[in-house]
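> Residues per chain, in single letters:
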Amino acid sequence: MKRKSFYQRNETAIVGGISVIIVIAIWQIAWSAGKISPLFFSGPSAIAKRFADSYQHGTFLADLKFSGVNFAIGFLGAVVSGVILGVLIGWYRRLEMVLSPFLNALYATPRVAMVPLIIIWFGIGMWSKVFIVYISAFFPVMINTIGGIKATDGDLLRAARAYCASDWQIFKTVAIPGAVPFILTGVRQGVALGLIGVVVGEMFGGSEGIGFMVAYGSQTFATDTTFVGVLTIAFAGIILTWLAERLERRFSRWRPER
Amino acid sequence: MSELAIEHLTKRYWMEREDREVVALSDVSVSVEDGEFTAIVGPSGCGKTTLLNIVAGLLPYEEGTVKIDGKKTSGPGVDRAVVFQHASLLPWRSIIGNIRYGMEMQKRFDEATMKQRADHFLKLVGLTGFDRHFPRELSGGMQQRVNLARALAADPVVLLMDEPFAALDAQTREFMQAELLKIWAQTSKTVLFITHQINEAVYLADRVIVMSARPGRVKDVFRIPFSRPRTLSLKRDPKFLEIEDAIWQLVEERPEDIGMVADQREA
Numbered sequence: 001m002k003r004k005s006f007y008q009r010n011e012t013a014i015v016g017g018i019s020v021i022i023v024i025a026i027w028q029i030a031w032s033a034g035k036i037s038p039l040f041f042s043g044p045s046a047i048a049k050r051f052a053d054s055y056q057h058g059t060f061l062a063d064l065k066f067s068g069v070n071f072a073i074g075f076l077g078a079v080v081s082g083v084i085l086g087v088l089i090g091w092y093r094r095l096e097m098v099l100s101p102f103l104n105a106l107y108a109t110p111r112v113a114m115v116p117l118i119i120i121w122f123g124i125g126m127w128s129k130v131f132i133v134y135i136s137a138f139f140p141v142m143i144n145t146i147g148g149i150k151a152t153d154g155d156l157l158r159a160a161r162a163y164c165a166s167d168w169q170i171f172k173t174v175a176i177p178g179a180v181p182f183i184l185t186g187v188r189q190g191v192a193l194g195l196i197g198v199v200v201g202e203m204f205g206g207s208e209g210i211g212f213m214v215a216y217g218s219q220t221f222a223t224d225t226t227f228v229g230v231l232t233i234a235f236a237g238i239i240l241t242w243l244a245e246r247l248e249r250r251f252s253r254w255r256p257e258r
Numbered sequence: 001m002s003e004l005a006i007e008h009l010t011k012r013y014w015m016e017r018e019d020r021e022v023v024a025l026s027d028v029s030v031s032v033e034d035g036e037f038t039a040i041v042g043p044s045g046c047g048k049t050t051l052l053n054i055v056a057g058l059l060p061y062e063e064g065t066v067k068i069d070g071k072k073t074s075g076p077g078v079d080r081a082v083v084f085q086h087a088s089l090l091p092w093r094s095i096i097g098n099i100r101y102g103m104e105m106q107k108r109f110d111e112a113t114m115k116q117r118a119d120h121f122l123k124l125v126g127l128t129g130f131d132r133h134f135p136r137e138l139s140g141g142m143q144q145r146v147n148l149a150r151a152l153a154a155d156p157v158v159l160l161m162d163e164p165f166a167a168l169d170a171q172t173r174e175f176m177q178a179e180l181l182k183i184w185a186q187t188s189k190t191v192l193f194i195t196h197q198i199n200e201a202v203y204l205a206d207r208v209i210v211m212s213a214r215p216g217r218v219k220d221v222f223r224i225p226f227s228r229p230r231t232l233s234l235k236r237d238p239k240f241l242e243i244e245d246a247i248w249q250l251v252e253e254r255p256e257d258i259g260m261v262a263d264q265r266e267a
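Protein chains in written order, with the numbering used here: chain G, 1 to 258; chain C, 1 to 267.
Isolated chain G, as found in the complex (with noise of 0.2 Å):
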C-alpha cells in the first residue's frame, strides 16, 4: 500500500479552494468589465481597496473592536447564566415546571421583534447590543443544557445509587459530565445566533460596529463598504463557528457514536 498522495488527503481543502478562486476570478473580470453596477453591488478589486482604506484610517477596526466587544460580552454571559440556569432546571423537576412557561413564551419569540424594547430599556449606546447579543445566545446554550442533563444515562444512574453515591456525588460524576457535550453544542449554536444578534442591534441605532457598517454603507450607497461588513461577519461566523466544533468534538471524544 502507497501512502495517500497530498492531493488525497488534502482534497475536499483543495477543490474547495480552487472553486473559490474560480468564482472570484469570474466576478472580478464581470466587474473590471464593466458589467456590474457600483451602486448595487460590488467587485473584488473595489472591496479590497474599501477594507483597506477603513483599516489604515483605523476605522475598521475600531468597529471590529466595538462589535467584538459586544459579542465577546453577551456571549460569555449567554454561556455562564445558560448552564447555570439549564442545570438547574434539568436537575430539579419543580423549577422547571416553575419556570417553563415563561421561557417557552420567551423562546418562542423572535429576537428581533424584541430590539426596539430592548433599546428602549438600555438605550441606543453599548448595552442594549450586548443584550440583544446575550438574549440570542441564551437560550441554544440553556435548551441543550437541560437536554443533556435530563439525558443522564439511567443504567449509570442506578450503578452510581448502587455504589451508595450521595446527590451531589451523582450530579458531578454522572449528570454535569454527561452533559458537557450537550453544552457545547449549545455553545456553537449560540455563537451562530449571537452573531446574528451583534449585527441586528447595531442596525437598530448607534454609531459603532460591523453591523452599523453594514447599514450604513447601504444607505449612503457605498456598496462596498456594506461588503466589507458583510465579509467581516461571514469571516467571523467561521473562525467562531470552527472553534466551537473543536471545542465539542474534543469533550465528545469519549462517546462511542461518532
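It is worth saying that the hints were derived from the structure and are not from the lab. The model shown is predicted, which means the values in this text are computed figures rather than measured ones. Do not rely on the hints blindly, as some may be mistaken.
[Said to hold, decoys possible] Restricting the straight-line Cα-Cα distance to at most 25 Å, the calculated cross-link-like pairs of lysine to any residue (SDA-like) are:
(1) C/Lys67 x G/Arg158
(2) C/Lys239 x C/Ser212
(3) G/Lys172 x C/Asp131
(4) C/Lys239 x C/Asn199
(5) G/Lys172 x C/Ser212
(6) C/Lys115 x G/Leu247
(7) C/Lys67 x C/Lys115
(8) G/Lys172 x C/Leu59
(9) G/Lys150 x C/Lys71
(10) C/Lys107 x G/Asp153
(11) C/Lys219 x C/Gln249
(12) C/Lys72 x G/Phe171
(13) C/Lys107 x G/Val23
(14) G/Lys150 x C/Leu58
Starting from the structure of chain G, add chain C where the hints point.
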C-alpha cells in the same frame, strides 16, 4: 451464620398501565452462607431482577426482611456491590478510573489504598495495560471485567450479579464464566448470581434456586455437587446434564408466562 438472609419477602407494585396491583415477589426466603455462590434462575417475569434490586437497595421493600451479616438493609450499602447486566461504565472515565468509582463514592478507603486496590483488581480481571484506555475502546467481555473489578474493589460482603453475561455472544460468555470462577476462587466472596441460563447457573453455583413466575416465588433449590475447580468440559458431564434437565422441567415457560402477558419489569 448466613451472610445474606432474605426472609418472607413480598413485593407488590402498582401497574399504572393496567390499573391494578401486581405481586412481583411472594413470600421469598433465601439464605446464602458465607463464601457460597448461589444462583437464581427463572423465566422472565419471575421477579429475579426485582429481587436483586431489592437486595441491592435500589428498590424499597415493605413486607419481609433482607439482612446482610445480620443487619436489616435499607437502601444501598457498602456491604453490597452489584455487577450489572449492562457494564454501566462512565464513558468519560478511564478503565482504572471506573474501577475506582465504587470506592470513591463509598469513601471507605484512603487514596493509597484505593490506588493499590484498583491496580490489584485490574490485574485480577486480566486487564493489565488497559488502565488508561476508555470503555468504548474495550469489547463487551472486557467491559464486563471492568464492571466486575469495580464491584470487587469496593470490597462488599455480598457480591450481587445481575445477568452479567447475558448480553455477550455465546463464546465470550463461556469464557467469562470460566474466568469468573477463577477470579471468585481468589476472592471467595459470597455471591448471589441472577441468570435465565440454566447451564450457566449449574456450572457456576454451589446452589441453584429456581423461581416461578407470577407471582415470583421459590419453587425449588438444587445443591450442585461438583467439586472445584470446575472446567468448561463439566458442561458435557452426564450428571451435569441430568441436573440441567431437572431444572429445565421446572422452569419450562408456559405460553401465558411469555409473550401473552408482557412484563415490562423484566425488560
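> None of the hints should be skipped; say for each whether it holds.
Structure-based check of each hint:
Using a Cα cut-off of 25 Å, the hinted pair C/Lys67 and G/Arg158 holds, with the two alpha carbons roughly 21 Å apart. For a cut-off of 25 Å, the pair hint linking C/Lys239 to C/Ser212 stands: about 24 Å separates their Cα positions. With a C-alpha separation of about 22 Å, the suggested pairing of G/Lys172 with C/Asp131 holds against the 25 Å cut-off. A distance of roughly 12 Å separates the Cα atoms of C/Lys239 and C/Asn199; the hinted pair therefore holds under the 25 Å criterion.
Between the alpha carbons of G/Lys172 and C/Ser212 the distance comes to roughly 41 Å, so the proposed pair goes past 25 Å and is violated. Straight-line distance between C-alpha atoms of C/Lys115 and G/Leu247 comes to about 31 Å, which puts the hinted pair past the 25 Å bound. Of the pairs offered as hints, the one joining C/Lys67 and C/Lys115 is violated, with about 31 Å between alpha carbons and a cut-off of 25 Å exceeded. Note on G/Lys172 and C/Leu59: the hinted pairing holds, with a Cα-Cα distance of about 23 Å set against a maximum of 25 Å.
A threshold of 25 Å between alpha carbons decides the hint, and for G/Lys150 with C/Lys71 the separation of about 36 Å lies outside it, so the pair is violated. A hinted pair counts as satisfied when its Cα atoms are at most 25 Å apart, and C/Lys107 with G/Asp153 qualifies at roughly 23 Å. A hinted pair counts as satisfied when its Cα atoms are at most 25 Å apart, and C/Lys219 with C/Gln249 qualifies at roughly 12 Å. Between C/Lys72 and G/Phe171, the direct Cα distance comes to roughly 28 Å. Violation of the 25 Å bound is thereby established for this hinted pair.
As the CA atoms of C/Lys107 and G/Val23 are separated by approximately 65 Å, the hinted pair breaks the 25 Å bound. Our distance criterion of 25 Å between C-alpha atoms is met by G/Lys150 and C/Leu58, whose separation comes to about 20 Å.
When the structure is compared with the earlier hints, violations turn up for hints 5, 6, 7, 9, 12 and 13 and for no others.
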